[in-house]
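*Asks:* Spelled out from the first residue to the last, the chains are:
Protein chains: 2
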Amino acid sequence: MENIFTDEYFMKKALQEAEVAFDRGEIPVGAVIVVENRIIARSHNLTEMLNDVTAHAEMQAITASANFLGGKYLKGCTLYVTLEPCQMCAGALYWSQISKIVYGASDEHRGFRAMGGKLHPKTELVSGIMENECATLMKDFFRRKR
Amino acid sequence: MENIFTDEYFMKKALQEAEVAFDRGEIPVGAVIVVENRIIARSHNLTEMLNDVTAHAEMQAITASANFLGGKYLKGCTLYVTLEPCQMCAGALYWSQISKIVYGASDEHRGFRAMGGKLHPKTELVSGIMENECATLMKDFFRRKR
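So the protein sequences, as listed, match chains A and B. Quick note: the first sequence uses our numbering, first residue 265, plus one each step. Quick note: the second sequence uses our numbering, first residue 265, plus one each step.
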């Protein structure tokens, strides 16, 4: 039997969250956190609505997952996020010791790789899943803004 | 007339917050954010109590200040924090475009300088204010934990 729970499957869920952000006038980044094929947190960027630079999708997903799990370490968890995390989010993910991060589009200027941030040595990193869809949503957003 | 509102004055307030964290069994880091000699946010590390790796003193102070100011950019604000910010907090401070950061003790291993994080080019950085007092509180905490 084919496994439906692929990286693409969960990235689609993150992309749905990003679309909600888009519709709300937020930079369209969405995230889900998954344990054993179960989504335990869904979130999207809320920096405008909350007037808070810390309200990135990943930050909310980390807090929600820790709350769900009853512990602050996200061992065994996978984050799916439509955009490469920034250094703040990479730093939070570092502290969480999350097992795996999967992101869609790269962020050449503000992504953690360009900014010099570090992930935890225990964290596996996968990039480029549904990259075009994730990047297109960002481009559409900034095109409308202009 | 002597100006009582020195960096030491506000670092003492941050240190008082760190002492509250200490008494609660939290890694003793405290912070205040100041605008025109007025403290608009006070916070201390709450990662254990909240079971949340994102609950560093700086993160809470950023969110509280943005809430107080009614906008997410902390222009004209100074953060006083007893320990060098980590890459997560440096990343949040980057997004906030805060005008000045003053920290007490250095964090050789997990500070943003060792981890490779970046501050905003508009942000002035001052370090070593009340360094001994800030570092001693940390050392006392980890000595007790052992």
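Take the hints with a grain of salt, since some may be wrong.
Copies of the same chain look alike in the list, so a pair counts if it works inside one copy or between any two.
[Stated by the list, open to error] Derived EDC-like pairs: lysine to aspartate or glutamate, alpha-carbon spacing no greater than 20 Å straight-line: (1) 276 x 312; (2) 364 x 271; (3) 403 x 271; (4) 339 x 312; (5) 382 x 312; (6) 386 x 404; (7) 409 x 312; (8) 364 x 266; (9) 364 x 404; (10) 277 x 397; (11) 339 x 372; (12) 364 x 312; (13) 409 x 271; (14) 339 x 283; (15) 339 x 266; (16) 386 x 287; (17) 339 x 404; (18) 277 x 287; (19) 382 x 372; (20) 382 x 404; (21) 403 x 300; (22) 339 x 287; (23) 364 x 283; (24) 403 x 388; (25) 276 x 404.
If you're looking for bench data, these hints aren't it; they were derived computationally from the structure.
*Asks:* Does the structure break any of the earlier hints, and which numbers would those be?
*Replies:* Violated hints (numbers, rising): 1, 3, 5, 6, 8, 9, 11, 12, 13, 14, 15, 16, 17, 20, 21, 22, 23 and 24; every other hint is consistent with the structure.
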